[in-house]
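Peer 1: Keeping their order, the protein sequence lines are chains A and B.
Taken in order, the first sequence gives residues 0 to 162; the numbers are from numbering that gives the first Met the number 0.
Taken in order, the second sequence gives residues 0 to 558; the numbers are from numbering that gives the first Met the number 0.
Derived from the structure by calculation, the hints contain no laboratory data.
Any given hint could be a false lead.
[Claimed, not checked] Every beta carbon over 10 Å from chain B, so not counted as near; a handful from chain A, in silico:
1) E18
2) S25
3) A125
4) R147
[Claimed, not checked] Straight-line Cα separation of at most 16 Å, EDC-like style, residue types lysine to aspartate or glutamate; simulated pairs:
5) A/K142 - B/D243
6) B/K550 - B/E525
7) A/K85 - B/D243
8) A/K85 - B/E29
9) B/K265 - A/E18
10) A/K142 - B/D20
11) A/K85 - B/E34
12) A/K139 - B/E29
13) B/K164 - A/D65
14) B/K36 - A/D117
15) A/K139 - B/E34
16) B/K403 - B/D363
17) A/K139 - B/D363
Note that the structure is predicted; figures quoted are calculated from it, not measured.
Every residue gets a Cβ at the ideal spot worked out from N, C-alpha and C, and that includes glycine.
Now for the letters of each chain:
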Amino acid sequence: MPLLRNGHLVTDNPWIRLEDDVPTTSPAANAATVDAPLLVSMTRFLELQAHTNSGVSGVFLSPEDDVQLLSEHLHRIQVIVINFPKYTDGRGYSQARMLREQFHFAGELRASGDVRPDQLLFMARAGIDAFEFAETPDEKQIKQILARFQVNYQPSYALPVAG
Amino acid sequence: MYNYTEYDRDFLKSRVAEFRDQTERRLSGELDEEEYKQLRLRNGLYLQRQAYMLRVAIPYGMLSSVQMKKLAHIARVYDKGYGHITTRQNIQYNWPELEQVPDILAELADVDMHAIQTSGNCIRNTTTDPLAGAIGDEVDDPRPWCELIRQWSTLHPEFNWLPRKFKIAVTGALSDRAAIQVHDIGLRLVRNEAGASGFEVLVGGGLGRTPYIGQVIHEFLPTQHLLTYLAAILRVYNLEGRRDNLYKARIKILVNALGIDTFREKVDQQWARSRDTDDTFTAEQFSALKAQFPTAPLLGTLQTTVELDNGSHKGPDQMFSNPLFNQWYQTNTRPHRDSGRRIVYLSLKAPGVPAGDITADQMDKVAELAERFSESEIRSTHEQNLVLAHVPVDDLFKLWSELKAVRLATPNLGKLTDMIVCPGLDYCSLANAGTLEIHDQIYQRFDDLDYLHELGDVSIKISGCMNACGHHHVGDIGILGVDKGGVEWYQLTIGGHAGNKAALGQRLGKAIAKSDVADAIGHLLEAYIAVREPEESFHDTVMRLGTTPFKEKVYATAA
Ligand code: SF4
């Protein structure tokens, strides 16, 4: 899937997503390496934390997940994928903002699912820095959308001097 | 009022450009209607029965005369020569062409106006007391807080895709004229014993299918925490509000499903982590906002006008010897905190005009009158009228004469014909029944001003369907349009109230046929006059006696 990262479309997306019904002993899971690491659901990730050396460093969230449960483990995570089942479902924005602002997650926050160009700016401002698209979007249009607003009201609000 | 800075203007220009781009992509077919719909809704553009409708924001109901002139210009050039003031203090145009909407928004931006978040599942225009900064019973001016909320909520990165729309109302007065108890969040400025200011915070009020009165979630929130606390409430709602059923998606459903105590706990948990980080503001930032809302220059005690009189002014004795003026003064004006001024309501409820409609010519005249008599500022009200808040007492007679000439001086404020009416079947695609005809039927029946004045203040509120845009639940008399096998019927409720004693109306009985609505209202009023105590309001009478005496009268005669 085309991935937009730091404002550029990249092809380098080696993560292997392991659904909950696929065992960690399966060939798919065993194919994972340092260069092609695993993404697992939050529930599974938390189970794996019981085993000290699980080595899993990618988590995919569902909109119902309470991200606070990850707060103790964030230093072990490189990528968190936030799912937008429909672009009108805004739960992912709160998950992203909590991860960034309350729990200081510094790794990659990746939007996935129904990701549409006109939503990118909201997502970026909520702390998401990578975007997975179903189809390759028009890069020029995306640049234009991301650069549209030179100023925003948050987080600096009212001020004439805000920026 | 708040003056836009370069910062605000740059922002708005970007927003107009963004919407123009989105609309062009729609017109070229690049965006489908489903996706464009969500984008246009966040800019106030609805598709109605016959045409698009554009809802323009009037932030907390405050307009400058320059802005009002622009609204007149837009009505003339892009619409059919009029606009419609809504119950949330905004203005709607019913006939714009899609292709022209970006141009309308560009014209609005020229006078620091927009249509941002006047629809869609996001934080809507914040509403407030239309008498803010002028009335005597005020603890604090709510408008700087409204402006702070406006800025904070505008294209908020986190809260633009909520489960459902979200409405905030703020009051700073003892008497609630902003209906804060029927909003998603209601804020009341209060002072504690130490004299510090804070907010009493209500949550989960709202009308619609399942009406609720808001509940207190925080009794005294120190003002500096306003935004972080709002954000904590919004976040719990955004994460946990229902998204599977349109009718269960408002915050009131979540609050009532969890119970206010559990909901409060969740908010407190969020807030504990976020109160010092996200969405904070400094005291300096707020003082800068506050300075934008100065009080009108003090005129002091009633001036002796006789020596100033050059024919256009009338001294108090002369003014009050005119009975028509006197009636208007008693009904449509209120005391200002400065005894040299008076608050003047402009009734948008003249006979034969849809409630809340105002023509382009009237808008221009209002702008001119605001410049001459009221600090160049105009307010819109929840009851779909306008206010000139700072009129010098000396100018009242002149103002009245000029208002009368443009049919804005109907002395019916708070009276039966000052109805709140949603657009209903004539415009709204969700409607079950017409509302405008019902309004006319009632208006024609009760056009006798002496009778209305004898009756006192009785409110009628009419909605064309369960969505309750006409706030029928909180009318003394509520009228709800229902559809029975393709025929329009009307369900009556009585005893509702929107102010401090907020209460939901009680159902009177079976629905009434369209042609009989005014008759039924007549019977309700007869019952009221027969059983009321001296000075007892309609609401209090229903509270005291219940619906029975009213029911008997209406259905005995109707049967
Ligand atoms: S109450 Fe119903 S008919 Fe009236 S404006 Fe609202 S949705 Fe439309």
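Peer 1: Output the numbers, in ascending order, of every earlier hint that fails for this structure.
Peer 2: As far as the earlier hints go, 3, 4, 5, 8, 9, 13, 15 and 17 are violated by this structure, in ascending order.
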